[in-house]
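Residue strings, one per chain:
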Amino acid sequence: MPTQKTIAATGNAVVAEALRQCSPDVMAAYPITPQTTIVEEFAGFVAKGRVHTEYVTTESEHSAMSACIGASAAGARVVTATSSQGLALMWEELHIASGMRLPIVMANANRALSAPINIHCDHSDIMGARDTGWIILFAETAQEAYDNTLMSMRIAENPEVLLPVMTCLDGFITTHSIDRVEIMDDESVADFVGEYTPVNALLDLENPVSHGNFAGLGGPFFEFKKAQREAIERSRKVITDVAAEYSVLSGRPFGMVETWGMEDADVAVVVIGSTAGNARHVARQLRADGVKAGVVKVRCFRPFPFAEIAEALSGVKAVAVLDRAESFGAEGGPLFLEVRSALYDSSERIPVVNYIYGLGGSDVRLELIETVFKDLSDIAAGEEAPAGLVYLGSR
Amino acid sequence: MQQLAEIRWHARAGQGAVTAAKLVAETALELDQYMQAMPEYGPERMGAPIKAFTRISNVPIEIHCNIENPNAVVVLDETLLAIVDVAEGIRSDGVILVNTCKTPDALRAELGLQGSTVRVASIDASGISLETLKRDMPNTPMIGALAKATGLFEVDPIVSHLKKTFGKKFSQEIIDANIASVTRAYKEVSVG
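If you're matching them up, the sequences are chains E and L in order.
Heads up: the first sequence begins at 173 in the working numbering, then just goes up one per residue.
Heads up: the second sequence begins at 3 in the working numbering, then just goes up one per residue.
Please note that the accuracy of each hint is not assured.
Here are the simulated EDC-like cross-link-like pairs (lysine to aspartate or glutamate), alpha carbons at most 20 Å apart as the crow flies [unchecked claim]:
1. L:Lys-171 <-> E:Glu-213
2. E:Lys-397 <-> E:Asp-303
3. L:Lys-189 <-> L:Glu-112
4. E:Lys-177 <-> L:Glu-32
5. E:Lys-177 <-> E:Asp-363
6. E:Lys-489 <-> E:Glu-435
7. L:Lys-170 <-> E:Glu-213
8. L:Lys-170 <-> L:Glu-156
9. E:Lys-397 <-> E:Glu-332
10. L:Lys-171 <-> E:Glu-556
11. E:Lys-177 <-> L:Glu-28
12. E:Lys-177 <-> L:Asp-34
13. E:Lys-397 <-> E:Glu-264
14. L:Lys-170 <-> L:Glu-190
15. E:Lys-464 <-> E:Glu-520
16. E:Lys-546 <-> E:Glu-405
Computed spacing ranges between beta-carbons, pair by pair [stated by the list, open to error]:
17. L:Glu-133 <-> E:Asp-358: 25 to 35 Å
18. L:Ala-108 <-> E:Asp-358: 20 to 30 Å
19. E:Gly-462 <-> L:Gly-194: 54 to 64 Å
20. L:Glu-112 <-> E:Ala-557: 34 to 44 Å
21. E:Lys-546 <-> L:Pro-62: 17 to 27 Å
Because the hints were derived from the structure by calculation, they are not lab data.
For every residue, glycine included, the Cβ atom is placed at its ideal position computed from N, Cα and C.
Start from the sequences, fold in the hints, and give me the full structure.
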């Protein structure tokens with residue numbers, strides 16, 4: 173069993189530590205708040221010889237992801253990290269990385285997108301990238317950011333998957349807060365992550381291949397996309413299997429969906445990231461007052477756990493979906509659209525209310541979550557659900 | 003120790019409040035507590051008012067939001083009293099600790115807390131720092147004073163953590179000066 177030590181560290185520090193423990197061949201990155209300390213720490217590891225990684229400093233995120241793609245296609249184990257505008261600038265490369273089936277692992281520090289300019293947390297950046305073909309994991313805490321990063325490497329490089337994986341952590345709230353974290357020893361991580369055997373590597377000169385070729389009319393473009401869909405569907409089992417193995421090793425379970433109090437919940441909140449802790453805290457207090465409150469945390473957004481969500485919410489009288497991102501002009505935020513879709517095949521007609529919260533780092537006070545549960549209790553007692561989405565805590 | 007202690011730090015950027023918030027959290031971890039420490043990030047420049055937060059608990063901490071109802075407020079720069087409502091949201095059994103030469107009674111009047119159950123504590127952390135470190139770096143003495151005023155820690159775990167964490171970065175002279183600051187502030191803080 174691994175030796176684990178308990179440390180006081182920020183989310184970014186333990187993501188950098190996890191990336192170091194994975195011994196990547198290449199990191200190509202560009203710093204951006206609030207991701208900066210990940211690449212800063214990692215550059216420190218390289219400078220001190222604590223990891224043997226080719227660290228490529230680029231002049232933009234567009235170039236950083238391009239360099240990652242080149243290195244990964246060549247056959248290297250590749251990692252990077254970004255945030256917000258940086259992720260937006262990578263947009264075309266994100267599709268190329270997944271289309272070329274390159275198992276790049278990237279940390280994303282969730283931050284709002286301009287304009288107006290804002291450096292604080294919301295999920296606009298990652299939700300804008302949700303259809304780029306990457307597997308997307310979310311962390312509630314620094315501990316989960318560490319664990320997700322290590323698991324990402326195994327998921328991405330699994331021959332049944334071969335897709336890039338993004339591990340998201342909330343900007344400042346998780347990236348910069350010092351938290352209590354358990355870190356595994358290097359050897360156990362190395363055993364868990366294993367050696368990377370690239371598939372179709374450009375530097376495999378015995379078996380020459382080319383990547384990203386023209387596949388226009390009559391070419392296999394359509395079939396490539398179908399193969400990507402099949403790969404991300406296969407990743408569901410791989411994610412579950414990797415998580416099961418990791419949980420034996422670390423003692424920390426991972427579910428694509430993690431539930432609290434859902435065995436007998438009347439009212440439930442569905443949420444992503446650091447706010448899940450606030451929701452559980454309030455739900456626990458409400459339970460003491462006799463309210464059957466529950467929380468459903470989504471830890472894997474792509475592939476989306478439709479079946480798990482439907483099962484978790486079965487029998488609930490009212491559901492709130494909390495979105496930390498907008499989808500302007502849509503029926504609701506990105507998570508709401510997924511959750512309501514997941515419930516469509518259910519014979520129950522559960523009222524689902526969408527709350528947009530915490531944009532641009534707006535503080536998620538416990539009273540706000542209390543308001544949500546109060547609304548749900550009213551709906552469960554027969555009151556009409558509000559029409560349209562609710563902006564939670566906006567002035 | 004109580005189940006959850008929430009500390010809000012007020013300072014000017016450059017006074018080491020973020021480091022202090024972190025040192026307190028790390029000391030708590032060494033006592034096998036759960037903890038969080040986070041600065042409130044904004045457009046920071048030297049001398050601007052800043053806030054930082056520390057949470058300590060004997061059970062895992064799940065909440066991720068600013069501290070609005072602190073058990074303790076620590077003010078590293080008394081000129082902030084005129085421009086920031088440092089007492090905002092403080093719990094009725096809480097304590098406000100200020101780096102100042104004033105007495106707790108004078109501070110209580112200045113804060114408008116006459117008749118309040120909130121305790122008010124003062125310590126000349128800048129004075130101690132000038133004598134021990136030879137410069138005005140009030141953050142470490144404030145940790146000593148906070149420990150005493152709140153009963154959060156004894157002085158020993160703070161000193162042992164300082165030795166451990168500063169040992170990697172600073173000379174013995176600086177480590178000793180910081181330990182002297184913490185120990186003196188622990189003894190000299192007045193609580194009214």
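Open item on the list: Assuming the hint says 54 to 64 Å, is it satisfied by the Cβ distance from E:Gly-462 to L:Gly-194 or not?
Closed with: violated (42 Å)
Open item on the list: Check the hint pairing E:Lys-177 with L:Glu-32 against an upper bound of 20 Å on the C-alpha distance.
Closed with: holds (12 Å)
- [ ] For the pair we were handed, E:Lys-177 and E:Asp-363, check the Cα-Cα distance against 20 Å.
- [x] holds (18 Å)
TODO: Indicate whether the distance between the beta carbons of E:Lys-546 and L:Pro-62 respects the range 17 to 27 Å.
DONE: holds (26 Å)
Task: 20 Å limit on alpha-carbon distance, applied to hinted pair L:Lys-171 and E:Glu-556 - done: violated (61 Å)
Open item on the list: Against the 20 Å threshold, does the CA-CA distance of L:Lys-189 and L:Glu-112 hold or violate the hint?
Closed with: violated (24 Å)
Open item on the list: Verify the CB-CB distance for L:Glu-133 and E:Asp-358 against the hinted window 25 to 35 Å.
Closed with: Given about 45 Å between the Cβ atoms, the range is violated.
Task: L:Ala-108 paired with E:Asp-358, Cβ distance criterion 20 to 30 Å - done: 56 Å Cβ-Cβ, so the 20 to 30 Å window is violated.
Open item on the list: With the threshold set at 20 Å, check whether the alpha-carbon distance from E:Lys-177 to L:Asp-34 stays at or below it.
Closed with: The hint holds at about 12 Å.
Task: Agreement of E:Lys-397 and E:Glu-264 with the hint, judged by alpha carbon distance not exceeding 20 Å - done: holds (16 Å)
Open item on the list: Does E:Glu-520 sit within 20 Å of E:Lys-464, going by the straight-line distance between their CA atoms?
Closed with: holds (19 Å)
Task: Pair hint outcome, E:Lys-397 versus E:Glu-332 [Cα-Cα no greater than 20 Å] - done: Status holds; Cα separation ~15 Å.
Hint check: violations occur at hints 3, 8, 10, 14, 16, 17, 18, 19, 20; the rest are consistent with the structure.
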